[in-house]
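Just so you know, the sequences run in chain order A and B. 1 is the number of the first residue of the first sequence in the numbering used here; add one for each residue after it. 1 is the number of the first residue of the second sequence in the numbering used here; add one for each residue after it.
It is worth saying that the hints were derived from the structure and are not from the lab. C-beta atoms are modelled at their ideal positions from N, C-alpha and C, and glycine is treated no differently. Please note: incorrect hints may appear among the correct ones.
[Stated by the list, open to error] To be clear about the criterion: a stretch of chain B counts as covered by chain A if any three or more of its residues have a C-beta under 8 Å from a C-beta of chain A, and this derived list gives those stretches:
| # | region |
| --- | --- |
| 1 | 133-146 |
| 2 | 256-264 |
| 3 | 276-286 |
[Claimed, not checked] Away from chain A, derived, C-beta distances all over 12 Å, residues of chain B:
| # | residue |
| --- | --- |
| 4 | Lys-30 |
| 5 | His-65 |
| 6 | Leu-68 |
| 7 | Trp-80 |
| 8 | Gly-87 |
| 9 | Leu-102 |
| 10 | Leu-157 |
| 11 | Ala-195 |
| 12 | Phe-208 |
| 13 | Val-225 |
| 14 | Gly-241 |
| 15 | Pro-247 |
[As the list claims (entries may be wrong)] One-sided and incomplete, this derived list gives chain B residues near chain A with beta-carbon spacing under 7 Å:
| # | residue |
| --- | --- |
| 16 | Ile-151 |
| 17 | Val-152 |
| 18 | Gly-155 |
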Amino acid sequence: MLAFLTRRTLASLFVFLVIMIGLFALVYAAPGDPVSMMVPPGQGRLAFIAAKRHALGLDQPLPIQFFDWFRRAITGNLGYSFTTSQSVNSVLLSHLPPTLELMGIGLLLSLVIAIPAGILAALYRNRLADHIISSTSLVAIGFPGFFLAMAGIYIFALRLRILPSSGMTSSDVTSTADAARHLVLPVVTLALSIVGPLIRYVRRVMLEELGQDYLRTVYAKGGSTLRVCWHAFRNSLIPLITVIMVYIPQLLGGAVVLEQIFAWPGMGQLSIRAINLEDYPVIIGFGMYVAILVLICNFLADIAYAFVDARVKLS
Amino acid sequence: MLMDPGIATGPAGPVEDIGSSLSPAALARKRFLRNRAAVAGAIILVLLTAAAIFAPLLTPYTPAHIDLNAVLQPPSGQHWLGTDSTGRDEFSRLLYAGRISLTVGLLTGAAVYIIGTVIGVSAGWYGGWIDQVLMRIADIYLSIPPVLVVIVIAGILGPSLPLLIILIAGFSWPYVARIARGSVLSLREQEYVLAALIVGARGRRIIFRHLMPTVSPPAIVASAVMAAQAILLEAALSFIGVGVQPPTPSWGNMLADAQSITVLSSQPWLWVPPGLAIVLTVLSVTFVGDGISDASSTAQGLSR
């Protein structure tokens, strides 16, 4: 087990290093020379630029520059935003909670829909309920979340006027109920964007599990459908955890897009604003946060998969 | 690590007795034509492609033609889908935007098929450390959502359509590679492959003559699924402004233009058609993929 953990950790660190090299290359590829942008025009400009380059270490060989940058980056020093002069880390951290809130509740809701729907489809395989659930989930996969969001705003905010169209809170009232009302449309559209594949997944693992001999034994001993379901579900939970870990980065991707429509003040809005303002340090910082999230999720998925299921060999 | 594309596996229908005198290809065709959703999807795709190619013949307006005397007009005989806030004809924009989406789908599908089968077949056929390294790389690519990659890379290098296609394809091949690898692994144990090896057939001949006919159909299906995903991705990325840039119309940036509350509530002709166009295209590609998947698995089942 320890060897397995060490190997996986080392592999993750290696991938992290590769991604960081990629991000560093992007820093380099960013249009414009950071130093000549800092230095005002006038007498002695060239000498001044050379001095500044030296002070910033930009005259060092590339590998040294990289490790310098890398050391600063992993200690949380990602530079400063071009536009607000705040440290990139504090900008990113302050936009993290709204996105996490959206993702967390969205994930919960998608599971609350997908697990019963998937189980139902598996139990009534090739019957009406299965056909309805399976084709709905197929259609859901083809629906772009942002189009669904626009339709949702049109119906519930503009026509029926029962939900707010954007933001996290109303400007004049602050209450939990108000915040909850603002959550409904973003969370539902986000959940719907991953619920299709999740339903299909739950259906498949349940079908696999329901075909096992031990469940026939449960039936034979007089166990109810509910009991059989419970047994099967408990065993399909293991792969489900892995899949959830895989879907978390996808969920972030979905949230980034939806935040634009719902004016949700999270990482997505931040990164798109940074792109429009050509605020490169913030974009690079966002890239590093994404890399860390992806690697952690991957690592946890591997661990969960290996830990919980004794059938998985660790070697 | 496990990742379930979840989409490629169609419902396994009952194997019908279609008669044994037909070749596997003919059987597959017959089976495909029985799948109504797949046929409908294929017809819609043909129509959409034709509409995109022959756009100049279908509409008298160019997508960039601004007419300030005809701003925000509702659909009429003259402007079938109305006009936007600068008087551009929405119908012609929709047709020309279709070129972008279909190009993205087609190029991504083709690229992903080639990269995916090459890597998947290599991994499956050679095995050992080659397999381990390739599949580990595939896992990593699989776990990074392309939306986020494009935001970071296109955000810095500046958005463009070629970059978009390269990045989407670059992050979609692992699905195909995994499926190709899976079929090769099972084929490796087949007697006819062993026989080919024994009579002296080597690498290229075995791969193209003996492996590809079986590896190809599921790989094509997976590529179709990825093509559908690519169309969705392009739309989403153009929607948030890091994809196709105006004035070039794409379904995604047309929706982005229609985001304001006033347009949403009083000019539905500006946002409903591009949204439905995306849904229609993506579902058609998905259904066709499903149809091919069912058809080819039946053909194999009968020929075995």
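For each hint, the structure was consulted:
1. Given a C-beta distance limit of less than 8 Å, the hint that chain A covers the region 133-146 of chain B holds, as 8 residues qualify and 3 suffice.
2. Coverage of the region 256-264 of chain B by chain A holds. Counting CB-CB distances below 8 Å, 4 residues qualify, and the rule asks for three or more.
3. Coverage of the region 276-286 of chain B by chain A holds [criterion: at least 3 residues with CB-CB distance below 8 Å; count 5].
4. Non-interface status of Lys-30/B relative to chain A is upheld: no Cβ of that chain comes within 12 Å, the nearest being about 22 Å off.
5. Every CB of chain A is more than 12 Å from the CB of His-65/B (nearest about 26 Å), matching its label as outside the interface.
6. Listed as a non-interface residue, Leu-68/B keeps its Cβ farther than 12 Å from every Cβ of chain A; the least gap is roughly 26 Å.
7. Chain A leaves Trp-80/B outside its interface by the beta-carbon criterion, the shortest separation being 21 Å against a cut-off of 12 Å.
8. For Gly-87/B, the requirement that its beta carbon stay farther than 12 Å from each beta carbon of chain A is met, with the minimum near 23 Å.
9. Chain A leaves Leu-102/B outside its interface by the beta-carbon criterion, the shortest separation being 15 Å against a cut-off of 12 Å.
10. With a least beta-carbon separation of about 6 Å from chain A, Leu-157/B fails to lie farther than 12 Å from that chain, contradicting its non-interface assignment.
11. A cut-off of 12 Å between C-beta atoms confirms that Ala-195/B is not in contact with chain A; the least separation is 32 Å.
12. The claim that Phe-208/B is not at the interface with chain A holds, since no C-beta of that chain comes within 12 Å of its own (minimum 32 Å).
13. At roughly 9 Å from the closest C-beta of chain A, the C-beta of Val-225/B falls inside 12 Å, breaking its exclusion from the interface.
14. Remark: the non-interface label on Gly-241/B conflicts with the geometry, its nearest Cβ contact in chain A lying 6 Å away (cut-off 12 Å).
15. With a least beta-carbon separation of about 18 Å from chain A, Pro-247/B lies farther than 12 Å from that chain, consistent with its non-interface assignment.
16. Interface restraint check for Ile-151/B: the shortest CB-CB distance to chain A comes to about 6 Å, inside 7 Å, so the restraint holds.
17. With a cut of 7 Å, the hint placing Val-152/B at the interface with chain A holds, because the nearest CB-to-CB distance is about 4 Å.
18. The restraint placing Gly-155/B at the interface with chain A holds, with a minimum CB-CB distance near 4 Å, inside the 7 Å limit.
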